[in-house]
Structures are given as structure tokens and as C-alpha cells.
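Spelled out, the chains give:
There are 2 protein chains.
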Amino acid sequence: MKGNCLIAQSGGPTAVINNSLCGILKQAMHTQKAGKIFGAKRGIYGMLHGEYANLTHLPSTVLDRLRCSPGAALGSWRCKLSQADVVRMVEHMRSAEIRFFFYIGGNGSMQVARMIEQTAKEMGYGLTVIGIPKTVDNDLCLTDHAPGFGSAAKFIATCVLDIAMDIRSLPGSKRVTIVETMGRNAGWLAAASALSGEGDTDMPPLIYIPEAPFRTDRFLEDIQSQYDRYGCALAVVSEGIRDEAGRLLAEDSIAKDPVGRPQLGGVSAYLARLVSGNTGLQGRNVLPGIWQRSGMLFSSRVDVDEAYQAGKAGFQLALEGRSGVMVSLRRIGKNPYTVAYEHVPLSEVAGRERTFPVEWYDSRSRSVSQAFREYVAPLIQGEVLVPMNNGLPVYQTI
Amino acid sequence: MKGNCLIAQSGGPTAVINNSLCGILKQAMHTQKAGKIFGAKRGIYGMLHGEYANLTHLPSTVLDRLRCSPGAALGSWRCKLSQADVVRMVEHMRSAEIRFFFYIGGNGSMQVARMIEQTAKEMGYGLTVIGIPKTVDNDLCLTDHAPGFGSAAKFIATCVLDIAMDIRSLPGSKRVTIVETMGRNAGWLAAASALSGEGDTDMPPLIYIPEAPFRTDRFLEDIQSQYDRYGCALAVVSEGIRDEAGRLLAEDSIAKDPVGRPQLGGVSAYLARLVSGNTGLQGRNVLPGIWQRSGMLFSSRVDVDEAYQAGKAGFQLALEGRSGVMVSLRRIGKNPYTVAYEHVPLSEVAGRERTFPVEWYDSRSRSVSQAFREYVAPLIQGEVLVPMNNGLPVYQTI
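Residue numbers (the working numbering), protein chains in the order written: chain H, 47 to 444; chain S, 47 to 444.
In short, the hints are calculated from the structure, not lab data. Note that the structure is predicted; figures quoted are calculated from it, not measured. Possibly wrong hints are sitting among the right ones.
[Stated by the list, open to error] Below 20 Å or equal to it, Euclidean Cα-Cα: the simulated EDC-like pairs (lysine to aspartate or glutamate) are:
no., chain 1, residue 1, chain 2, residue 2
1, S, Lys72, S, Asp268
2, S, Lys82, S, Glu137
3, S, Lys87, H, Glu244
4, S, Lys220, S, Glu290
5, H, Lys167, H, Glu394
6, H, Lys87, S, Glu366
[Said to hold, decoys possible] A few chain S residues that don't get close to chain H, going by computed Cβ distances all over 12 Å:
no., residue
7, Val133
8, Glu137
9, Thr165
10, Glu267
11, Ser322
12, Val348
[What the hints assert, rightly or not] Now the in silico label distances, taken between C-beta atoms and shown as ranges:
no., chain 1, residue 1, chain 2, residue 2, range
13, H, Gly172, S, Ala296, 41 to 47 Å
14, H, Arg307, S, Leu431, 39 to 45 Å
15, S, Ile378, H, Arg377, 44 to 50 Å
16, H, Asp274, S, Ala417, 34 to 40 Å
17, S, Met434, H, Asp408, 27 to 33 Å
18, H, Arg230, S, Lys380, 25 to 31 Å
19, S, Ala142, H, Met434, 54 to 60 Å
20, S, Ser271, H, Asp274, 28 to 34 Å
21, H, Asp408, S, Asn435, 24 to 30 Å
22, S, Asn435, H, Arg376, 24 to 30 Å
23, H, Pro105, S, Ala291, 52 to 58 Å
All residues carry an ideal CB built from backbone N, CA and C; glycine is no exception.
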């Protein structure tokens, strides 16, 4: 393995994205097979401008603390890329003699990784490209799940459990609580809230996902019926739920984000108003928003470890001469839960989305199947001891 | 001390309200001075209907687990009370030979406690009434702070710190994040978010409290200027911020709650739309809602202990023959931080609100003073080891 390495983080951060960065770095240090190791400052932005941080001699103590720090330590960025942009990125890499490129990201990022690999090839520049999966949405194909999802799932399940404890202690208050999760097109995170309903509170939340068409009349009936039964009501909705015509709820009033997608986050407020206006109950919403991807105290031990191992596995793939692949997690054991780190072609994951399997969702009871519970439960196991000082977490930046 | 005890929890729960319940119970068990100990089921509701749970022989293991459980374990309730209701409550207490009444609540509840005490007196029924302070809003008078506030403050400071880590890693994304805290008339919780800005992220959030008139033009300027400086912007607003005429923002569109108060929670969404519509930036909001009063994993050790000690102190006051008083915390040491548990007349706290001191707020920089930081920092210290199973907290109900 000759040449330098470049690592970039992409898209929205997760609570464990820095673990994948650290996994790559640790494996590079351990094997001593890499030349210099750079990090693209602010992701694509740094790649477009050749702005790299030299990470070669990052102390181990910094790495250990980065593993308990949310946000993307290298910085990240979102923009639409032209072919000319990609050429420019490869040229910057060529100037810095980078032969190994690691891209930590979701399905959009894997598309970019693929473009980079192909463009380098066309330019006659030998570049190894490895994708490391990352997304709280769990919508990456060809991997059992994506690092980042487990911690966000644990965050949401804890949030919904805590809230259930609160509202169950105020029965008859006429209040309906609607929790909104991330999930543009995929209901994985909303579905994970089902884990909250297995303990003492004994009230499963009503779950609404983008994969099942949303009907306002049915929703209001569900709410009323849960309220009548429990004296309170709790619904969990994906930000991207859609009506039977495939339109986002209140789509007309939704602005666009920098890459032209509807800027979601707010459907729970809309539904809360709907409840207040159409029933004798009062809706209110809880919107954890970007906290669900950055709440380090809720990260799961399993997810943290897997994100780290995925980084290490990515470096090993590069060592073995693989390119144009993404690290993929395959579940090889159920009891005890174990995964193997394999790889899949970027071409087969790039730009594709893996939605929530319809057979795991019951649109009558607004709940999820036992099969999904068994799928998701191992991913939220274990806690991380985040260093605390003066009552708050101590985070590392670079 | 002869006669039975009744304990009731009132209003919105906090993460530590069960600690005050446990403190009373533990002290009663320890001193063996009480007769039977009852808990009013669902607070005022149980008092109106004479529905009490017998807590006399609650096992210690249950109490220990209750101390790590959010929600009001006895249940709670909100409604407007007439004088006839209060008479009815006292009559139920007389039937059950209750001579000691402990009411865990906020300023509205202290008003109720006072009515109960006076009514019993008028009815010639000897009843000792003790108030135990509880509120996440910290708006109770004549106590250094209220149990419940420290944990909610820690929750908000952690939330804002995590989010700052996330958004600082995506500079230039044109996004503005607005976090909304509880605080109908008092800005204590929003102000506590300032603690997040003292670590590595080094970006103090812009803070808006109900005590300082809100001006839209100034807000948009603040946001733009923070964005220009940091490449991102983060504001924290109390749900009850008001304009210069004292009107809630978007007041016309706000529904009323069961006791006739405007149902708050949503001003951050309004402000996010304002940002998107009036700047080149895109607003988005984070609304932890009732999670900030039930997020047990964020509870502060100090707050948990103080809530418990306040319960114990309340029982001791009853033993000493006091009545018509609320337990009050007085800060007697700064370094190390220590408090004494004293008492104040219900008449002096009932129905009064303690707002955030204007001298602790700088409406130019939208930040808080060092004096406030020194006031609030001790209250968020220390963590609580919540029992976990299968990746989620294990909570106790009774």
C-alpha cells in the first residue's frame, strides 16, 4: 500500500460518525501501512478546495475522546456536484498524492464516492475508493443496518418511553402527544419507538411511517381510540409521512433545502393542530430534530463499536486492494448477536434507498411486528460512558 | 404525631418529583411516627374522589427504583378548583383520618395547599399542611431554586451542547436552529442553556426569555450576525416569549389549555418560518417539549438528592408541628455548594411567580451574566445511574 490516505465525512452527522473516522485512523496507525493521512475539512467543501487536515499524528487520547463526541469532527457539507467538481476533487487528490480515499456517508454520498472512483479511472489516476456506511435513517441498501441508526433508535425509544411515563401519570388531561422522528422516505426510526412500549408503561405508541399512506380520518380515529383506552395518547410519526397520493402532509407550505429537497421537520406540529381542531382533545408535539443524530448520551455501545469496526474494516479492504466498495454489515448470529464486516459494490448501493419492509408494519394497529423488534433490539444495546465535567459531557474537536 | 398521612403530586411531573415522594415515605418509615400513609391517586382527582393508594408498606426496593423513574408515580391532574371542591377534599381526608397532608407542586399547587389548610381550619378539622416545592420552570418564590429545575436545566444545556457540536460541523449550511424550552413566564430554563457554550464548541447560543420584550427585527439581526460570525446560528427561546406589548408571539393562533391558559409550545416553529421567510437562511426548530421534564437520563445528582431531601424535610416539619408552610431551599455555601432546608409560609409563595432577574440578562448580546452561571452551575452537577435493561431505562410504577 503506497501513497497517502484521505478521509471525508459527509452529509448530516450521527452520534457515532467519529467512531468510523477513528476506526480508519487506528487501523492505519496499527498496520503502519499508510503514508500520510489527511482529513477533508468540511467534507466535500475541503475536497473541492484541496483543504485537508493532516491527521497522521493525531494522539491516541484525542481519538479516544473523539469516539465519545457527536458531530462530524472533520466537518461536513452538502451540495450538488457537477462532473467538473468531481474532476477538481480528483486533481486535488492527485496533487496531494492521495491513493486511498475513504468516504463516510449515506446513499447520496456513496453515489459521490462512485463518481469519484469512475472519474479517477477515466483520468488514469489510480485511486482506491472505500465507502463507510453512515446514516441515522437506516436507508442504505445491502447492509443489515447502517452505523448511526442504532444510537438514533435508542434515542427515540428512550424519548418515547420517558414521555409515556410522563403522560401516563396525567390520565384524563385531554392531551395528545405527537413525537416526530427523522426519516424522509423510510420509517425505521419511527418504528424503533415500538421498543418503548415493552416495559412498565404498557402503552404502545401509534406509529406512522412514510411507507404506509397516511389518512387523516384514520389518524384521528386511532388517536381517539387510544385516548379512550388509556386516558392519554401518544403517536410517533416520521417527518416524511405522505398521503395516499404520495404527497407530503401540508406539502405546499414546505420550503426546500440546499440540495432541493423539501425541508422536513414540522409535520408533528401540523398534526397536533389537526387533533386540537378536530377532536375534543388537545394536540402537542415533540420534535427532537437534529438532536436525535447528535445525542451522545443515548448512543448504543453496539452502534459505537460497529461504527468503529466499520472504519477499521474499510481500511483493511483498501489494504487488500479492493476499491469501489462500501463496507457492509452482515448479521451472522442472532443469539448472541454478531455481525461480519463484508463489502458490496458502490454501484449497487449508490443512490438507492432501503425503505421499511411493509410486512413488518401493521397499518391497522399502527404497530410493528415481532420480527422487526428482534431486528432492532440488538442495535440499541449497551451504554457508553461519556466523560462528564461540571455536569455536562466533555467533547473533543479537531 | 397521630393520624394518617396523605401525599399528593400535582401539576406537570418532573424527572425528580418521585424523589420527593420517596423522601417523605422514607422519613415516615424511618421515624415510625406516622400512622398509615396514603397517596392521592392522580393528585387532585384522587383528593376530590377520596381515591387513595395505601403506601404504608411500599418495599424499599420499589422506592429505590421510583427514585430513578420519571412521571408522577401517584399520578397527577390539573383542574380549576372551587371552594366546594376544597371542602369535599377535606371531608374525604377527615373520613380517612388524615391529619398530615403533603403536597408536592409548584406555585399554583401551593395556592391549593393554602386553600386546603384554611378550609380545614374553618371546618374545625386539625390538619397539618406541608408544601414540597417542585417545578422545572424554577418560578417558585422564596426558595433558592425548586427541585426539578436542575435536571431540566441539565437536559436543556446538554441538548444545546449536542446540537452545537452538530451544527458547528456543518458550517455554511445556511441553517439556523431554534431550540424551544419550557418557561411560560420565566426564562430560567432557556437561560440555563448558556452553560453549553463554555466548552469546546465555543459558540454561545442566543437566548430569548419572556422577561425581555421580543423584537422580531432585532431577532433576525441577531441571527444573521451570529451566522456571519460562526457559519451557523443557534438560538434558544422560552415558549412564553412576548413582544413589547406583552403579547405572546402568534398569540391569536394559540389554543387554551384545560385551566384556561394559552397552550404554549410552538413559538420556535413560528420563528423558524420567520427566519426562512426573511433572511437568506433556513430556520428549523427543535422542541423537546415534555421530554425536558421527564428525561431521567439527564437528571442531575444534585437535583435528585435535593428533591429527596426536600421530601424528608417536609416530613420533619410536620413532626415538629409546623403547618401552612412550604419547604424552602436556602443556599448556605458556594464552594462547596451546600443548601439548608428551611420553610416559608404558603401565603407568601402561593400563586406568586419568580421571574428571571433582569440584571442577569444582557438583552444586547442575548446572553446571561456570570452571576447566573454561578447560580445555576451547581444545580446540574453529577449524574444518576439509571438501571438499564435491553438498552432502555427500567422504570418503576406503582
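- Numbered hints the structure breaks, given as an ascending list: 1, 3, 4, 6, 11, 12, 13, 15, 16, 18, 19, 20
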